[in-house]
Amino acid sequence: MKLFKLKYFFPIIILIFTLLSHGINLFNYPVFLGDEGIYSFQAWWLVGLGKLGPYTYWYDHAPFGWFLLGLWQRLTFGPFSFGFSLNSGRILMVVLASLGSLGIYYLVKNLTKNKYLGLFSSFVFAISPLAIFYHRMILLDNIETFFLIFSLLFLFKAKKRGLYFLLSGIFYGLAFLSKEIVIFLLPSYVLALFWQSKGKNQNYTRFLCLSAAFFIILFLPLLALLRGELFPSAWFGGKEHVSLIETILFQLSRGSGSRPWQPYSYFSQSLVKWLDHGSFLFLAGLWAMIVNLFNFKKDKPSFLFSLFSLNYLLFLARGSFILDFYIIPLLFFFSVNISLALRSIYEEFKLIKKLKPFYPILALVFCFWLGYSSLYLFTTKVTGNQTEVVNYIKNNLPEESVILVDDFAFLDIRLKRNNNDKAFPRVEWYSKAEDDPQIREEELKNDWRNVDFLMIDDYIEKGMASGKMPFLEKVFKNSTLVKEFSSGEEKRGGIRVSLFKVDSKNKGFEEFIKN
Amino acid sequence: MKLFRLFILVICFFVLVTSFLKLTVVETFIFTLSLVLLVQGAFASFAMLYSFFCLGNLKKVMPPDTLVGSDTNKFSLIVPLKNEAKVIGETLRAMTKIKYPKSLYEVLVVVRVDDILTIKAVERAIEKMSLGVDLPDIKLIKIDGEPINKAYSLNQAFLHASGDIISVFDAEDSPSKHILKAVDQTFLQTKVDVVQAGVQLINVASRWFSALNCLEYYFWFKSILPLMASLGANPLGGNTVFFKKQVLNSIGGWDENCLTEDADIGIRAVAAGFKTKMIYLENLATLEETPQNEAAFIRQRSRWDQGYLQVLLKGDWLKLPSLKQQFLSFYLLCQFLIHQFVVLSMISLPLVSLVTKVPLWLALFSWLPAYFLALQIGLYFIGLADLKKHYHLKFKKSLYLYLILSYIPYQLMLSLASFRAVFRQLFGLLNWEKTHHFNLHRQLKLAS
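The listed protein sequences derive, respectively, from chains P and W.
First residue of the first sequence? That's 1 in UniProt numbering, and the numbers climb one at a time after it.
First residue of the second sequence? That's 1 in UniProt numbering, and the numbers climb one at a time after it.
One should not assume that every hint holds.
What the hints assert, rightly or not - Result set (SDA-like, lysine to any residue): computed pairs, CA atoms no more than 25 Å apart in a straight line:
| id | chain 1 | residue 1 | chain 2 | residue 2 |
| --- | --- | --- | --- | --- |
| 1 | P | K198 | W | S162 |
| 2 | W | K191 | W | P147 |
| 3 | P | K200 | W | Y217 |
To be verified - Incomplete in silico selection of chain P near chain W, CB under 8 Å:
| id | residue |
| --- | --- |
| 4 | F184 |
| 5 | L186 |
| 6 | N201 |
| 7 | F215 |
If you're looking for bench data, these hints aren't it; they were derived computationally from the structure.
Beta carbons: idealized from backbone N, C-alpha and C, even for Gly.
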């Protein structure tokens, strides 16, 4: 019983628990996503090699998330210290999720003055299958959410203290520089700031917070300005180049403008995936959000957190382009909302108060159920095909080969993983071979015959099927299958990967379809 | 010696870092300057924000509850004058309105014997006020001799002072009605020997530089001085400052060879082990006016800067007990030299990084200090709104815009004053350049 009174007992439990729930089977599940590869090689290029990336940096994201990941890779003696390059980044994601979980504990504890509710929120965040699935992936959204958690932790802890407001602003700015979609939360953030800072020094603390956040945010346009890439080249003439403004306009224009309830909309497609990965956190979070929305008069922090959720949900459902992992910040809001809603229900209904002696049992049963529904995350292996294809290329292909690969494999193939390893300086990411004029026109001379090998997986297949990759299709149609990597993982959520050799016999396509 | 060792340590660390980063000479210069600006900007901004940083700090600068104790200390308010016939009448009238037992404070008006107009104005004012029922003891002290400056006048007046607490006010000051009660309670309820209360220029819209000048005072008295006092280094202001009599007896009064006798006496008092406290509450601040024009402003600022330089060269700050106090005092005394350089560098350095070829990280780094510049301008903005609210000032909203537009010219004017101060010191020009007063702060239309 004494242990429970120790100040650090719960935080340590949370850290260990999150490290375990996220860390067990980390390298095997889920499948390595292309974006994980992009962020990993961008990170290493930035910190390890001192460049913004192997390809033209087009301001798709602000580089702070990559910087942090690169720093981690550097501090852990390179990206290959844990085997496959993506393993390293995934470990960082687990560390961030664990610290984030701790942040949630302190946040909820601070809001409710109840450490058990803090513990509960942290557990929901740490053990929900939906959360574990996305938290394990190397995604900028995870880094952004980490900073967002601490930004809100300090904001709600501030109580008119300038230092906390300053820290909140700094973390909000860093969240933006990790992934810029956090800007869509600005209305809720500003409202929370105004409510939290009421007092004699309110103008100063508000200004301190917002100025710190905006100054950090302004580093992205400043970076573009210093590189001469802020304005589109069409505006002032001169040599054609990428531009931040152009990218922002492009990003804003992405998407069909469909209604969220329409089955082909980005939102409903993502919703299917979210519910598939574990419906509890999403549905319970929605319920809690609605409960807390009604707490407007009674409990402002609860209302504010429901507003954060609603604000982000509206962003997701707005009809423009989103990917399923954009849900990550919402998982944090939902975890906090659930505890806040439980508290208000507890205070509202007498019957629930009578059940108090059973709370520990109920909590245990709940955690057991949640843990049980997450079991597959700790046992399923789905990354074997992906690591095998990399090993095969490394062991069997000549180093000077021109290989087009999916981005998850880029870093491992391009660089030497150890002294006895081969490096493939002419390996290219398939998407750049298709879209980047510097690669397609200058390196490959717009001729499929200049490609030696082609890696195909489910993602590349989909891309070609959409008809938006004519060059890659040409390469593919003029290649023959070398080896297919299919160990049955595909049935459990893995992907099939194949390696093709390019020749002029024009039979690759038929062979692939046959298999 | 300790300071020197610290300096060497910093240099070694710096050489190590720059060699690790493999910087060229130009890059090293930009890196160094950015780093210095960053540290200076962060500290200066923190100093401006200190009292607003949390409500606890804001409470610290408030005087104790004046209703608690009974009035005990007797005050001697010294008002040194030179050519102040225009303003002294109203100043004396304001002093008689102070809500404190009249038997417990006296006003010592110090005038040079040859300043006939001022003497007449004082006599006239006393005569007029004598019609009133309850007046404090107002003594007119006519002095002669050299040097002709404020410190000499103060020392002469001190010889006639009968109070337990000696205070200084300037010719154009409008002291608060509650100031003596608040200071009396501060002395009673806290163990301090010197109390500095707020001084505020309020004619924000008189000239293009007035708003910035007023805001400098606002942040100086409300935030920067309290921070310095809490860190153990306190240069004090020129008026609305209150000394226990034994402090002045112990340190030998004001230095008559110094142009900023206030900064000097503050450092000597702390070095002698006396404790100082800052109190600031808007309705306790003594109201003053900004200089009438640019030339007067530059003359006044040059005198202050030259005075700081004198105090620096005099070296009393080295007698402060701790390294921290010495360093802070050194920093404050050099502030006038580095401030303008810093502000102008904060603006020019990022522009340099735009036009020269330096590594991208260094270019980004050189922009970091600009944040503090923007922060300070933003704080001035909020400060102006504060002044408007607390002092019921009336001015056009466009003043906020002028505030931003006048920021750089104001810095240039400060730079000019600094150069002039150094020039005067180098060429031994030590005469007291008086600032003339015109009652601008008393002619303001205040909001009801």
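Structure-inconsistent hints, enumerated in ascending order: 1, 2, 4 and 5
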